[in-house]
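Chemist: If you read the sequences in order, they're chains A and B.
The letter at position 114 of the first sequence is residue 114 when you use the working numbering, and the numbering goes up by one with no holes.
The letter at position 29 of the second sequence is residue 29 when you use the working numbering, and the numbering goes up by one with no holes.
Just so you know, these hints were derived from the structure itself, not from any lab.
Since we're looking at a predicted model, the values are computed, not measured.
Beta carbons are placed, not taken as given, at the ideal position from N, Cα and C, and that holds for glycine.
Treat the hints loosely; a few may be bogus.
Label-pair distances were calculated between CB atoms; the ranges are [to be verified]:
| # | chain 1 | residue 1 | chain 2 | residue 2 | range |
| --- | --- | --- | --- | --- | --- |
| 1 | A | Lys57 | B | Ala17 | 25 to 35 Å |
| 2 | B | Val29 | A | Ile54 | 19 to 29 Å |
| 3 | B | Ala54 | A | Pro8 | 33 to 43 Å |
| 4 | A | Met27 | B | Ser52 | 18 to 28 Å |
| 5 | A | Gly40 | B | Ser84 | 21 to 31 Å |
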Amino acid sequence: NAGVTQTPKFRILKIGQSMTLQCTQDMNHNYMYWYRQDPGMGLKLIYYSVGAGITDKGEVPNGYNVSRSTTEDFPLRLELAAPSQTSVYFCASSPRGEWYNEQFFGPGTRLTVL
Amino acid sequence: AQSVTQLGSHVSVSEGALVLLRCNYSSSVPPYLFWYVQYPNQGLQLLLKYTSAATLVKGINGFEAEFKKSETSFHLTKPSAHMSDAAEYFCAVSDPGNAGNMLTFGGGTRLMVKP
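Just chain A, with the same shape it has in the complex:
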């Protein structure tokens, strides 16, 4: 099992550009999540999905969009990049079932918007 994979690892964008951060998991997990990590702020939830075709907003969704057409993939879209979106982005997945099920994290994408 590769677990949760994310591409790209690094990216530099210019203000106003758009891009898609890719996330794939091969553990057949129903739940998937996108977080951003800023220094000293912990992880903030951007969007999450409880299954294919179902997505919902987290704590900081503005400026982002997601889709979930398959169980495996959960891409995050930035339409008009802004410097405030400079951050490290983590994708995670979790099996459905018990509420104490852990989340499994990908290695992250470091995004800089200039």
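Add chain B to chain A, keeping to what the hints say.
Modeler: Coordinates of chain B only, in the frame set by chain A:
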């Protein structure tokens, strides 16, 4: 709304010394609690979790944490620090019944280990 507070954004210990990382939570019901570790340039991995089975939870790499309901705390400890423990540690809480197993994270504590 839940919140998680990690006291001390940076903690420095000598190799062989006790590690104590503090975590306090606020929740209206007894939550599930997690500690994750993040090594440089990597994703988060689970150290241990509290699921109400036992108040003292043992995790990987010699870490353990004790759930204290009266203090709303879930502090992480390790008797003897090793250089390889240098990393950032995150406490997280999950409310039973929340849709999607969502976690609320604390701000993190960076552990530095001096030789």
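Chemist: All the hints need checking, so say for each whether the structure fits it.
Modeler: Quick rundown of the hints versus the structure:
1. Distance hint check for A/Lys57 and B/Ala17: the Cβ-Cβ separation is about 43 Å, which falls outside the suggested range of 25 to 35 Å.
2. Take B/Val29 and A/Ile54: their Cβ atoms lie about 25 Å apart, and the range 19 to 29 Å holds.
3. One distance hint, 33 to 43 Å for the beta-carbon pair B/Ala54 and A/Pro8, holds here, with the actual separation near 42 Å.
4. Distance hint check: the CB atoms of A/Met27 and B/Ser52 are about 25 Å apart, consistent with the given range 18 to 28 Å.
5. Checked against the hint of 21 to 31 Å, the C-beta distance between A/Gly40 and B/Ser84 comes to roughly 24 Å, which is consistent with it.
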